[in-house]
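J.: The lines below spell out each chain.
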Amino acid sequence: MAIFNYYPQTLSPDWPGGYWLHWGVFVVIILVFVMAMIMGFIWFERRGLGRFQVRLGPNRAGPFGLLQPVADAIKVLIKEDIIPAKGDKLVHWLAPVVAFVPALMIFAVVPFHDGALLADLNIGILYVVAVSSVGVVGIFMAGWGSNNKYSLIGAMRAVAQMVSYEIPLALSIIGVVLIAGSLSMNSIVEAQSIPFILLQPLGFIIYFLAACAEINRTPFDLLEAESEIVAGFHIEYSGMKFAMFYLVEYCEVLAISAIITTLFLGGWRGPLLPPFLWFLIKVFGVFFLIFWVRSTIPRLRIDQVMAFAWKCLLPLALINLVITGIEVIALPPALLWTVMFLNLAIVVLLALLWSKFFRLGGGRVEV
Amino acid sequence: MIGLDIAFWILAVVGIVAALAVVLLRDIFRAAISMILCFLTVAGIYVTLSADFLAAVQVLIYVGAISVLVILAIMLTREVQRGSPSNKLRIPAFIVVVLFLGAVSFALLNTPWQVSAELPVEPTTAALATRLFGENGYILPVEIAAVLLLAAILGAIVLVREK
Numbered sequence: 531m532a533i534f535n536y537y538p539q540t541l542s543p544d545w546p547g548g549y550w551l552h553w554g555v556f557v558v559i560i561l562v563f564v565m566a567m568i569m570g571f572i573w574f575e576r577r578g579l580g581r582f583q584v585r586l587g588p589n590r591a592g593p594f595g596l597l598q599p600v601a602d603a604i605k606v607l608i609k610e611d612i613i614p615a616k617g618d619k620l621v622h623w624l625a626p627v628v629a630f631v632p633a634l635m636i637f638a639v640v641p642f643h644d645g646a647l648l649a650d651l652n653i654g655i656l657y658v659v660a661v662s663s664v665g666v667v668g669i670f671m672a673g674w675g676s677n678n679k680y681s682l683i684g685a686m687r688a689v690a691q692m693v694s695y696e697i698p699l700a701l702s703i704i705g706v707v708l709i710a711g712s713l714s715m716n717s718i719v720e721a722q723s724i725p726f727i728l729l730q731p732l733g734f735i736i737y738f739l740a741a742c743a744e745i746n747r748t749p750f751d752l753l754e755a756e757s758e759i760v761a762g763f764h765i766e767y768s769g770m771k772f773a774m775f776y777l778v779e780y781c782e783v784l785a786i787s788a789i790i791t792t793l794f795l796g797g798w799r800g801p802l803l804p805p806f807l808w809f810l811i812k813v814f815g816v817f818f819l820i821f822w823v824r825s826t827i828p829r830l831r832i833d834q835v836m837a838f839a840w841k842c843l844l845p846l847a848l849i850n851l852v853i854t855g856i857e858v859i860a861l862p863p864a865l866l867w868t869v870m871f872l873n874l875a876i877v878v879l880l881a882l883l884w885s886k887f888f889r890l891g892g893g894r895v896e897v
Numbered sequence: 631m632i633g634l635d636i637a638f639w640i641l642a643v644v645g646i647v648a649a650l651a652v653v654l655l656r657d658i659f660r661a662a663i664s665m666i667l668c669f670l671t672v673a674g675i676y677v678t679l680s681a682d683f684l685a686a687v688q689v690l691i692y693v694g695a696i697s698v699l700v701i702l703a704i705m706l707t708r709e710v711q712r713g714s715p716s717n718k719l720r721i722p723a724f725i726v727v728v729l730f731l732g733a734v735s736f737a738l739l740n741t742p743w744q745v746s747a748e749l750p751v752e753p754t755t756a757a758l759a760t761r762l763f764g765e766n767g768y769i770l771p772v773e774i775a776a777v778l779l780l781a782a783i784l785g786a787i788v789l790v791r792e793k
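Sequences listed follow chains A and B, in order. When we follow the numbering used here, the leftmost residue of the first sequence carries the number 531, and every step to the right adds one. When we follow the numbering used here, the leftmost residue of the second sequence carries the number 631, and every step to the right adds one.
Among chain B residues calculated to face chain A with C-beta under 10 angstroms, some are: (1) I666; (2) V693; (3) L702; (4) T754; (5) T755.
Listed below are several chain B residues computed to face chain A (Cβ distance under 10 angstroms; list not exhaustive): (6) D657; (7) A673; (8) L690.
Just a sample of chain A residues kept apart from chain B, beta carbon distances all over 10 angstroms, derived: (9) R585; (10) D644; (11) L728; (12) W822; (13) R824; (14) A837; (15) I876.
These aren't lab readings, by the way, just hints derived from the structure by calculation. For each residue, glycine too, the CB sits at the ideal point set by N, CA and C.
Please take these sequences and the hints and turn them into a complete structure.
T.: See the structure below:
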């Protein structure tokens, strides 16, 4: 059965030889990977949204509209860069950079192959949580530097949302860390003899929802709700700086897809195909799920979003943490399949309970 | 170790400049941004000391949570552009600050600082956990801190609750 357990040989920590060479090669790999995937995602999402909304989507530039992201990039690059006269120019200029750098830094610890990552930090997943919490500062700076009330409202909503959803996000990661026994991303992948989504179904659901809220994808994209506050924090941005914010959005989606792949779907592990291809397939699968949610569910109200974080996700994350802790200490590893079905039953039970007792305030506005 | 020295001096200079900017800038939004830069350089210094867990926690809590709350408070304040105007307590504040600076400098200069000869522990997380939660560890202070924070949260809720 060797064919179904395709174990690649581990790459040495300084592959392809030499400290600086390792850095250079992986920085290039990450940049190419991120840029190529973002272009692909943008094309796929625009075409796919067209299909979901019963229209054609962009199909003029190149075959099947494949060159649309290139055309968009050129258009946005040659646009005039406008800075509000009464805005804080330095803060306005720095904001896209501050938002973009943390989103890109996450990829330093994402394993593409056994041992193939820029830095195998032994605090890997904690590094991801810490770095991604810096990105909100960029949104703040954009909201403040623009000197526009809608930008400011967008930024205020962003902080309320991000600070709230960070708690269930981190708590759901702890469940995975408890089972894997390590914070390092590569060790977490190595610990997954079966993908952790089977052992941690509740953790996966909580992480998925909290991450969607954290990166402001559509059911939770209150900080740029077009119908209420025009475009939120990036209303005063144009040209290259707007493109940076657009890139940040997709870069964060890619990062979340890569992290879910690593934590819950077994990362680069899989039969037959080479690990890198498995990684890409899983990342794309998660992205498709995020995009599907986006095109299906309408935007929530701010009170619904906040109530969902505090009354639904937080208690569920705490319950998940306690159950996982008991299972890790009390149950022997031989009962893997029992634990799997037990956890699935718990998810169904909790979902039914919460859908019965937990209401998002119907038509009323609860503050 | 020349690389570590270079890193330390860059981080130290940037950190001190950022800390001065927090105090001296009139625009308090920019001051808050400088404070974030200062916290980040402190995290960088932790990294050069092989305290990776501490560095990540520093970024997560100080940059990701505390600074964000500070900025939110600034955004809720009106007439921020005029900066932070001083009031009648200027001179008492100056005296307190000078006394505090003197006390801290005295303590710093008169402490025999020891450098541990042991190599840093790798990985740090397991060692930290054993010290905090293991036998003869600091489990009681950890629990007391947790109860204290809970009391603070409850207190805040009671203070802002609508009657």
